[in-house]
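Student: Listed here are the chains, written in short residue letters.
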Amino acid sequence: MKLIHLNGKPIELPGTISCVQDLLQLYELEKRIVVVEVNKEIIFKEQYREQTLSDRDTVEIVHFVGGG
Amino acid sequence: MLKIAHHTFQSKLLLGTGKFPSFEVQKQAVEVSGTEILTFAIRRMNIFEASQPNFLEQLDLTKYKLLPNTAGAKTAEEAVRIAKLAKASGLCDMIKVEVIGCDKSLLPDPVETLKASEMLLAEGFIVLPYTSDDVVLAKRLEQLGVHAIMPGASPIGSGKGLVNPLNLQFIIEQSSVPVIVDAGIGSPKDAAYAMELGADGVLLNTAVSGAKYPVKMALAMKLAIEAGHLGYEAGRITKKNYAEASSPTTGMVTS
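Taken in order, these protein sequences are the chains called B and L. Counting from -16, one number per residue, gives the positions in the first sequence under my numbering. Counting from 20, one number per residue, gives the positions in the second sequence under my numbering.
If you're looking for bench data, these hints aren't it; they were derived computationally from the structure. Check the hints yourself; a few may be wrong.
Unchecked claim - Below are the EDC-like pairs computed for lysine to aspartate or glutamate, each with C-alpha atoms no more than 20 Å apart in a straight line:
#1 L:K103 - B:D38
#2 B:K14 - L:E137
#3 L:K235 - L:E43
#4 B:K23 - L:E96
#5 L:K231 - L:E43
#6 L:K22 - L:D112
#7 L:K22 - L:E192
#8 L:K103 - B:E24
#9 L:K103 - B:E29
#10 L:K46 - L:D79
#11 L:K179 - L:D153
#12 L:K46 - L:E76
#13 B:K(-15) - B:D38
#14 L:K158 - L:D122
#15 B:K(-8) - B:E20
#16 B:K14 - L:E68
#17 B:K28 - L:D112
#18 B:K14 - L:E192
#19 B:K28 - L:E76
#20 L:K208 - L:E263
#21 L:K103 - L:E137
#22 B:K23 - L:E97
#23 B:K(-8) - L:E68
#24 B:K14 - B:E33
#25 B:K23 - L:E192
As the list claims (entries may be wrong) - Which bits of chain B does chain L cover? Going by a derived footprint, with three or more residues having C-beta under 8 Å, they are:
#26 -14 to -7
#27 0 to 13
#28 18 to 29
#29 34 to 43
Unchecked claim - Residues from chain B that face chain L, not an exhaustive set, calculated with beta carbons under 8 Å:
#30 P(-3)
#31 H46
#32 V48
#33 G49
#34 G50
Quick reminder that beta carbons are idealized off the backbone N, C-alpha and C, glycines included.
Turn these sequences into a full structure, and let the hints guide you.
Tutor: Next comes the structure, spelled out in structure tokens:
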């Protein structure tokens, strides 16, 4: 288990989740239009597999919502 | 035609995507408005309800250019962070700089807006700052190299229309980049007025999404913007204090 901060909430991740790609799959987001930031660094799609997640990482998953 | 950096648009209406009663109404409103530019905000995803539908994901993205905003930012640094997140989607290269400096009026912070615009230009963004109707601030933004200036007509969502048309006119007349009147539009009259002053476009959201019949209002705004622009090009008559007969003053049939 590792503890990350995901969108402002503490989340315990199972040991099987090791990279951003795994995290997106866990929440069924891999086909959605989202942008991921880990510790304030943007992670581009091609980096989803190589970007590993460590204990105490801060992760943001954002998307486009209605706005003016 | 509206030209912003390397983009060209037939429509001069930029439409916001917030607060529509339903996606179905919103889709129809977008369609009839004829808009080619849609604004969006960037927010944390509710990952525990990720299956909820998302308007952007239902759009044919070949038909629209996205103009994400930096709403939520109170500093230049926050605006840059949001802008970079938006661009990382790979779906857009334009950004509406929106750095709010007053929670009640939602008026932009001029200092942070200027700073954010400068930083984003250095990062290669196409920068469209939402500003107050300050003439000198508009000049300073233009000197930085922004790609359009977007002065507010009145506070966001207020529907008060053009509270200072004189300032807007000064900005429009002196700007060499497109001026898009953003925020505060309430009715088609307001949109037409902005265009009659010579604005290059109008950005509105609540005026349509909050209308009793948003689809009908979207069409009304499209027509108002076209009418206002045509009126501007046609050149209106000078205002006079006294009447001037439009019928001949000779050959009267009198006794």
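Student: All hints are to be evaluated individually against the structure, with a verdict given for each.
Tutor: Evaluation of the provided hints:
A hinted pair counts as satisfied when its Cα atoms are at most 20 Å apart, and L:K103 with B:D38 does not qualify at roughly 25 Å. A threshold of 20 Å between alpha carbons decides the hint, and for B:K14 with L:E137 the separation of about 34 Å lies outside it, so the pair is violated. The suggested pairing of L:K235 with L:E43 holds, with an alpha-carbon distance near 14 Å, which does not exceed 20 Å. This hinted pair checks out: B:K23 and L:E96 have alpha carbons roughly 12 Å apart, not beyond 20 Å.
For the proposed pair L:K231 and L:E43, the alpha carbon gap of about 15 Å is at most 20 Å, so the pair holds. Straight-line distance between C-alpha atoms of L:K22 and L:D112 comes to about 14 Å, which keeps the hinted pair within the 20 Å bound. Taking the CA atoms of L:K22 and L:E192, the gap is near 17 Å; set against the 20 Å cutoff, the hint holds. At most 20 Å may separate the alpha-carbon atoms for a hinted pair to count; L:K103 and B:E24 meet this at roughly 10 Å.
Among the hinted pairs, L:K103 with B:E29 is consistent with the structure: their alpha-carbon atoms are about 17 Å apart, no more than 20 Å. Our distance criterion of 20 Å between C-alpha atoms is met by L:K46 and L:D79, whose separation comes to about 11 Å. Between L:K179 and L:D153 the alpha-carbon distance is near 18 Å, which keeps this suggested pair within the 20 Å criterion. Taken as a hint, the L:K46 and L:E76 pair is honoured in the structure, with Cα atoms around 12 Å apart against an allowance of 20 Å.
Pair hint B:K(-15) plus B:D38 holds up; C-alpha atoms about 5 Å apart against a cutoff of 20 Å. Proposed proximity of L:K158 and L:D122 is contradicted: the alpha carbons are some 25 Å apart, above 20 Å. Between the alpha carbons of B:K(-8) and B:E20 the distance comes to roughly 14 Å, so the proposed pair stays at or under 20 Å and holds. With a C-alpha separation of about 15 Å, the suggested pairing of B:K14 with L:E68 holds against the 20 Å cut-off.
Taken as a hint, the B:K28 and L:D112 pair is honoured in the structure, with Cα atoms around 17 Å apart against an allowance of 20 Å. Among the hinted pairs, B:K14 with L:E192 is inconsistent with the structure: their alpha-carbon atoms are about 46 Å apart, more than 20 Å. With a CA separation close to 17 Å, the supplied pair B:K28 and L:E76 stays within the 20 Å bound. Straight-line distance between C-alpha atoms of L:K208 and L:E263 comes to about 26 Å, which puts the hinted pair past the 20 Å bound.
Straight-line distance between C-alpha atoms of L:K103 and L:E137 comes to about 14 Å, which keeps the hinted pair within the 20 Å bound. For the given pair, B:K23 sits about 11 Å from L:E97 by alpha-carbon distance, which is consistent with the 20 Å threshold. With a C-alpha separation of about 14 Å, the suggested pairing of B:K(-8) with L:E68 holds against the 20 Å cut-off. The suggested pairing of B:K14 with B:E33 holds, with an alpha-carbon distance near 18 Å, which does not exceed 20 Å.
Distance hint between B:K23 and L:E192 is unfulfilled; the C-alpha atoms sit about 41 Å from each other, more than 20 Å. Evaluation of the coverage hint for the segment -14 to -7 of chain B: fulfilled, as 3 residues show C-beta separations to chain L shorter than 8 Å, against a requirement of three. Under a criterion of three residues with beta carbons nearer than 8 Å to beta carbons of chain L, the stated coverage of the segment 0 to 13 of chain B is upheld, 3 such residues being counted. Counting residues of the segment 18 to 29 of chain B whose CB lies closer than 8 Å to any CB of chain L gives 6, which reaches the minimum of 3, so the coverage claim holds.
For the segment 34 to 43 of chain B, the proposed coverage by chain L is not satisfied: 1 residues have a C-beta within less than 8 Å of a C-beta in that chain, short of the threshold of three. At its closest, the beta carbon of B:P(-3) sits 15 Å from a beta carbon of chain L; the interface hint therefore is violated under the 8 Å criterion. At its closest, the beta carbon of B:H46 sits 5 Å from a beta carbon of chain L; the interface hint therefore holds under the 8 Å criterion. Taking 8 Å as the C-beta cut-off, the interface hint given for B:V48 holds, the closest approach to chain L being about 5 Å.
At a threshold of 8 Å, the smallest CB-CB gap from B:G49 to chain L is about 4 Å, leaving the interface hint in force. Interface hint status for B:G50: upheld, as the beta-carbon distance to the closest one in chain L is roughly 3 Å, under 8 Å.
The structure does not agree with the numbered hints 1, 2, 14, 18, 20, 25, 29, 30 stated previously, though it agrees with the rest.
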